[in-house]
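Here is how the chains run, residue by residue.
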Amino acid sequence: MVNEVEKGAIRRFAEAVGDNNPLYRDEEQAKAAGYRSLLAPPTFPGTFDGGLDLREVLNIGSRSVLVGEHSLENHQPICAGDRIYVTTRVVDIYEKLGTGGVMDFAVVEDEGRDEKGELFFRTRRTLVVRPTAKTEASAAPATPTPAPH
Amino acid sequence: MAVPKRLYLESLRVGDELPTLVKPAIDRVQIARFAGATNDYNPMHVDETAARTAGMPSVFAQAELPMGFMSQFLSDWLKGGRLSRLAVRFVKLVWPGDVLSCKGRVLARRRDEQGRYYVDVDIWAENQKGELVLKGHSTGQLFYNAEDETRQRRGETPLLADVSEMSELPRNAKGKVVRPKTPAPRPVAAAKPISAARPAPKDLAPAQKSKPAHKPVRNAAPAKKAGQR
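Just so you know, the protein sequences line up as chains Z and C, in that order.
This note's numbering numbers the first residue of the first sequence as 1 and each following residue consecutively.
This note's numbering numbers the first residue of the second sequence as 1001 and each following residue consecutively.
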């Protein structure tokens, strides 16, 4: 799935994080520093769409999902104007028994390349799928649902 | 334009602490903005009623938000360098009102066979109660010094400096030492012997001891896929 890197999207992402790095906001400064255009922050690939509906693929319906781990390798800087082809793959699925019931885990990898096939980034996320909504719906006062605190 | 001050590997030592970045308190507006910026409107982050129905005390921040803080923290520190790797494990959820402090410590300095220099750092973030919310490690690519930068930018052969702590090994997200399967090939020009290619376990002990005192809560993530990458 192709993702076009837009200046406005870079700025909005950096603003949401509260990151005032001028390379993400000021094109002149980014160019003076040797970049093609505005530089995208290292975690900007998190905004990309890999063209895969994980809820559907993993068949998790409305169950809530948390990210347990996230790793990211940046091979080349991503700049405004780049066209990044993103592929999302589910590389592992397994389950474990937790305090609130059976927890499902999915390991998802994203990879971004340009049209020449050059690798720009690779990420790997471990998603934790909480037990079914049934357990959660009864999660009123006295249930053993694990409080996150 | 004035050339900003740069960070060079030459000035770093294993065990050096990175300057802490304290982020302003996270609020629901920031969480909503981040949802917009990532085009991910998971109700757990933006819909208070839905979050409570799911048994949560309130909405909570996306994991990628503190991940973005870590990226800011490291990129600011690596002035003139490049963040090439960032791996974190989320230990605790982050809530509206949380004030996160991003911290780090230099774990190793390395040079690869092409003469590029890297710094490996242990990183972690704590909330205002001093609780560990995430931990991991990261790698930045840097020039060794100004001379190395000039040479590499001109396309000349890089400076082959003796990085004495080169033997320190990087660690994975679980904090385990990642040993290279085969010793890295020695660059031709690096004739001087690098004595400690394989450190005695003793060498690593101080680095391990100096890790944050917090014991991460072992419930957020599985132990199975420990050594990914």
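Since the hints were derived computationally from the structure, they do not count as laboratory data.
Even glycine gets a Cβ: it sits at the ideal position worked out from N, Cα and C.
Treat the hints with care, as some may be off.
What the hints assert, rightly or not - Calculated cross-link-like contacts (lysine-lysine; reagent style BS3-like; alpha-carbon spacing at most 25 Å):
hint: 1; chain 1: C; residue 1: K1079; chain 2: Z; residue 2: K7
hint: 2; chain 1: Z; residue 1: K116; chain 2: C; residue 2: K1005
hint: 3; chain 1: C; residue 1: K1129; chain 2: Z; residue 2: K31
hint: 4; chain 1: Z; residue 1: K116; chain 2: Z; residue 2: K31
hint: 5; chain 1: Z; residue 1: K7; chain 2: Z; residue 2: K31
Claimed, not checked - Pair ranges (Cβ atoms, derived):
hint: 6; chain 1: Z; residue 1: T99; chain 2: C; residue 2: K1005; range: 26 to 34 Å
hint: 7; chain 1: C; residue 1: N1039; chain 2: Z; residue 2: G18; range: 13 to 21 Å
hint: 8; chain 1: Z; residue 1: V57; chain 2: C; residue 2: G1036; range: 18 to 26 Å
hint: 9; chain 1: C; residue 1: T1053; chain 2: Z; residue 2: G34; range: 31 to 39 Å
Original post:
Taken at face value, is the distance from the CA of K31(Z) to the CA of K1129(C) at most 25 Å?
Top reply: 41 Å, violated
Subject >> Outcome for the supplied range 26 to 34 Å, where the beta carbon pair is T99(Z) and K1005(C) >> reply: 49 Å, violated
**OP:** Starting from K7(Z), check that the Cα of K31(Z) is at most 25 Å away, please.
**Re:** 13 Å, holds
Original post:
Do the beta carbons of V57(Z) and G1036(C) sit within 18 to 26 Å of each other?
Top reply: Because 24 Å falls inside the window, the suggested range holds.
Subject >> Hint consistency between K1079(C) and K7(Z) [alpha-carbon to alpha-carbon, up to 25 Å] >> reply: 22 Å, holds
Original post:
When you check the alpha-carbon spacing of K116(Z) and K1005(C), does it fall within 25 Å?
Top reply: 35 Å, violated
Original post:
Is it true that the CA of K116(Z) sits at most 25 Å from the CA of K31(Z)?
Top reply: 23 Å, holds
Subject >> Supplied distance hint 13 to 21 Å, evaluated on CB atoms of N1039(C) and G18(Z) >> reply: 19 Å, holds
Original post:
So does T1053(C) sit 31 to 39 Å from G34(Z), Cβ to Cβ?
Top reply: 50 Å, violated
Hints 2, 3, 6 and 9 from the list above are not met by this structure, while the remaining hints are.
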